[in-house]
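Colleague: These protein sequences, in sequence, are chains A and B. With the working numbering, letter number 87 in the first sequence gets 1138, and the count goes up by one each step, no holes. With the working numbering, letter number 85 in the second sequence gets 1136, and the count goes up by one each step, no holes.
Everything labelled a hint here was simulated from the structure, so no lab data went into it. Don't take each hint at face value.
Just so you know, same-sequence chains aren't split out, so a pair can sit in one copy or run between any two.
What the hints assert, rightly or not - Result set (DMTMM-like, lysine to aspartate or glutamate): computed pairs, CA atoms no more than 25 angstroms apart in a straight line:
| no. | residue 1 | residue 2 |
| --- | --- | --- |
| 1 | 1152 | 1119 |
| 2 | 1152 | 1166 |
| 3 | 1152 | 1069 |
| 4 | 1152 | 1165 |
| 5 | 1199 | 1119 |
| 6 | 1199 | 1110 |
| 7 | 1199 | 1142 |
| 8 | 1199 | 1165 |
| 9 | 1199 | 1180 |
| 10 | 1199 | 1161 |
| 11 | 1152 | 1079 |
Protein chains: 2
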Amino acid sequence: MYMALALEEARAAGAEGEAPVGAVVVCDGAVVARARNARESAADPTAHAELIAIRQAAERLGRWRLSDCTLYVTLEPCPMCAGALVNARIDRLVYGAYDPKAGAVGTLMDLSSDERLNHRFAVTAGVLERECSAVLTEFFRGLRERQKVGG
Amino acid sequence: MYMALALEEARAAGAEGEAPVGAVVVCDGAVVARARNARESAADPTAHAELIAIRQAAERLGRWRLSDCTLYVTLEPCPMCAGALVNARIDRLVYGAYDPKAGAVGTLMDLSSDERLNHRFAVTAGVLERECSAVLTEFFRGLRERQKVGG
């Protein structure tokens, strides 16, 4: 179950003090990338789980076109990551939790089906939604509690 | 003139067989990043000039927030790159040519001023537009001519 792998990555990110989001890229039934959010530790605003996973998959496969790949991610992609999926010509996206703040594949906008762009991809949303969402809720609750203790 | 530097990068990309787009990041009057499109040579769908420049600037400055930086780029950013500018909390974007196919900062959509996202940035469009646009037109004309000769 690929979303369970993405969730493992998300939990590992949370343990590292990063907002817990994880992603996996699958090609022909094989996992070719697994990555987690690393914005703080890498001090890189582009180091979202999806973007790292896309780059890793392209590196493994030796090509920028991921038209035979599926990306699994625990949280709905932001505009940057949804745009990267278009650029990578991804075949399919599967995501867990919806993102009311920055979701660009159904919530605030939908970059997966914009007919003006040169690629569209299939989307399955809400897979293991409760678990993917709980990991985020618990992380941010913990942050707020530590801030209260600290302040 | 920072756009002239970005144009130099664009021309270097073209000479390398890449769609000629160049970008520069400026912070406190200093150039902290200069980059060019490298999608084919890096076999990386995310290797647009802007994304590389943002990552390079963050690495140089040792932080993911680029809220005191301006990015200059020869072509209007695509959704991925415009989303990366939001994520980087960029202060300002200056671009040259408009992109009718994928422009996400004014043409197809405008990610710089979406009030639902957690950051907005200032935009100056059309700087050295003629030169920025000519570099692209000549590159693609050359490609078509070589394809005709080859075919």
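Colleague: Could you work out which earlier hints the structure fails to respect and list their numbers in ascending sequence?
Modeller: Hints 5, 6, 7, 8, 9, 10, 11 are the ones this structure does not satisfy, whereas the remaining hints hold.
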